[in-house]
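With the hints as a guide, bring the two chains together.
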Amino acid sequence: MSKVKVSTLWFSGCAGCHMSLLDIDEVLIELAGRIELCNSPITDLKVFPEGGVDVTLIEGAVANEEQLHLVKEAREKSKILIAFGDCAVTGNVPGLRNGMNTDKLIEDIYGKGVTTNGKLPYDVVPHLLDRVRPVHEVVPVEYFLHGCPPPPGVIAKAILALLDGKTPELQGEDLKFG
Amino acid sequence: METIRLKIDGREITAQAGQTILEVAKENGINIPTLCHLDGVEDVGACRLCIVDVHGQLVTSCTTKVGADMDVQTQTAPVKEYRRMILELLFAEGSHVCSFCVSNGGCELQDLACDLEMHSVRVPYSFPRNRIDATHPQFLIDRDRCVLCGRCVRVCAQVEGAHTWGFAERGSTARVITDLAVDWGQAESCTSCGKCVESCPTGAIVRKGASNAEMRKKADLVGRLTERREHE
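Just so you know, the sequences run in chain order E and W.
Numbering-wise, the first sequence is residues 976 to 1153 according to the numbering used here.
Numbering-wise, the second sequence is residues 903 to 1134 according to the numbering used here.
For reference, chain W alone in the conformation it holds in the complex (with noise of 0.2 Å):
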């Protein structure tokens, strides 16, 4: 394996060839905001929320191989600046209300408010009134908290090899959909593993009839079963 050095923050770090900037920071100690990141599942660089700056140019460090003398800053001001711009419009976009979400208090967008100290949203709320699916026997999905984040799509894809969540559309109009648009409890292919509940960062996909206290995702779970899966 082929070693590489570079610079996160000023710091000189030594990496491997074909690691991200974003797993070299981590195992650096360098926190570096995530939020559709998800250990288990490929990265896609969908919120951008992880942003780093590699020679004046912004890259997302999910999906940005680290390469020898890199440059890399994790958190200059116009960095900062841009994350909380990205934060204010997720915020913006959906009907992100946490003092009625089930999963208030466990939530990863609610906590990315307080550590990119988001004080208020500059741009107007569009507050999004989608219906909220139910028909699902275990589980419920409200589009009005949910970021885009792929999250669910990619462990049901990868992970549990269901292929059930996708999206549709685009721009303003796009949502993560169960098979071809139909309701969640006439997706055929959904095996109710539960995996996109537990990978999903905000109070959109969550379990049904679960309160405050015992709506707690385990994010770390899909990270934890395809380690075991590689170490069979």
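With the rest of the complex left out, here is chain E (with noise of 0.2 Å):
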């Protein structure tokens, strides 16, 4: 049986769902034998496979003009889509700036004064988006881990359920958010 093809992207958020994402303990060995980690900050892997995957998981808000490049080469690169944690599906902390300045962020995060021939260092740091927006805000989106980050039971739940081609069955505390 081929493996099932799986990616996670890592947008405006804090690692902490990718953190959760491994610490499902030993459901990690039974995922070894029947998925395929594509690209992936756990893998350092930077683009998609040819033919794209089966399931890519979103951690993160969408936030800069990169984010908003990449959501939508994973929404037609892969099957399935989730988002993955609170900032992915509500927008969370990095929701936070809305209503901010972004040139004024840019220049309060990398200092006075950071400029390349005079302009704000756009060639090297992609341009914020107006509004920090949830993943399901700009494509669709299949399935919603809540929390912050989700619980590793949660998200074990949901991937075994998937590489089971069923639906996962989220009630109850699995949607808690925070």
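Just so you know, not all the hints are guaranteed correct.
[Claimed, not checked] Counterexamples of contact, computed for chain W against chain E with all Cβ distances above 10 Å:
#, residue
1, I988
2, T1075
3, A1112
4, E1134
[Stated by the list, open to error] Using 20 Å as the maximum straight-line C-alpha spacing, the simulated EDC-like pairs for lysine to aspartate or glutamate come out as follows:
#, chain 1, residue 1, chain 2, residue 2
5, E, K978, E, E1025
6, W, K982, E, E1041
7, W, K1119, W, E1100
8, W, K982, W, D1017
9, E, K978, E, E1001
10, E, K1079, E, D1098
11, E, K1132, W, E1019
12, W, K982, E, E1144
13, E, K1052, E, D1098
14, W, K928, W, D1013
15, W, K982, E, D1149
16, E, K1094, E, D1105
17, E, K1094, E, E1082
18, E, K1141, W, E1019
19, E, K1054, E, D1029
20, W, K909, W, E925
21, E, K1132, W, E1100
22, E, K1021, E, E1005
[Said to hold, decoys possible] Listed next, the stretches of chain E that the computed footprint assigns to chain W, with coverage defined by at least 3 CB atoms under 8 Å from CB atoms of chain W:
#, segment
23, 1029-1037
24, 1055-1068
25, 1106-1113
26, 1116-1123
These are calculated hints, taken from the structure and not from any lab test.
Since the structure is predicted, the reported quantities are computational estimates derived from the model, not experimental observations.
Just so it is clear, CB atoms sit at the ideal spot from N, CA and C, and this is done for glycine as well.
What follows is the structure in structure tokens.
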């Protein structure tokens, strides 16, 4: 049986969701036999494999132009897209900057006067979107994993259900934000 | 007292005239979600989450009295869908971000997202950024976490008798205010009794300096107070 191809992307988030993914204990052993982890911060592979993947988990909100490009590519190249954690589902902490001036944010974060030829360093730093958006505001999403981060048990439950060709039955406490 | 027979979710139920659908459902172990309802104060039907289907019409069960031969449906697909949409609009209207809220884990809005199976909010979030009023020595209000249920307004007026809390404006700019929209710390009518804190279903009105573990509200406090008064 060919392995199920899975990608994970890391947008505006703290990597906590990826940490939680690695925290599913012995389920990792089962996953190792059943999935092929493609482009992901874990493998450090940067591009989707030819022919796309079966499932992509997206951690983080869509906050800059690079992520806007990637989220559309992920939609095209994934059969199933999962908004992975509260930042991807709601905007969460990155969404706090909504309503602030984005140029000023770049200056505040990268330092006053950090410019290239007198301009803000947008040749190396992607432009921030006016507004941080949850993933499903940009592209359709099949499943939502809530939590900051989603508990390992919920992640394992969702992935194992999908591997068995079933719809993850996320209910009650599984849907707890925060 | 006149006895009434009605049906809730197909079950034959006996109730007393004058009771609300919500009261009768609760007595019979039928769960209807609520948010603005608070035991001990009057019901106003503000949040609309307790809607039920009565002969094809949607009514708020907290403010609708039972009637003879009523056929009440609490869990039809349209009723559940409307409740979920109401909840999504509540989430979209405020900045209800659980991950950095002192009420995370002790919040009625957060619990409703689980109970009503809200997977995502289908309308764009508005990300409001109102100033937090922390001028009161013991308490503070973060209006971005307020759902305008009015429990603070009602408990302050009907139980404490202080009338400090009130509503100002309408629509998307509606908000709860203290006295004539002065900072809470300057509101002379406030007795600092803290009933609004215990009654607030979210992390909007909280105790200053409380950790997440300490900020657990006693939502049944007001109901117990009023019950004791009745039995004096």
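### Message
Tell me the numbers of any earlier hints that the structure contravenes, in ascending order.
### Response
6, 13, 21, 22 and 23
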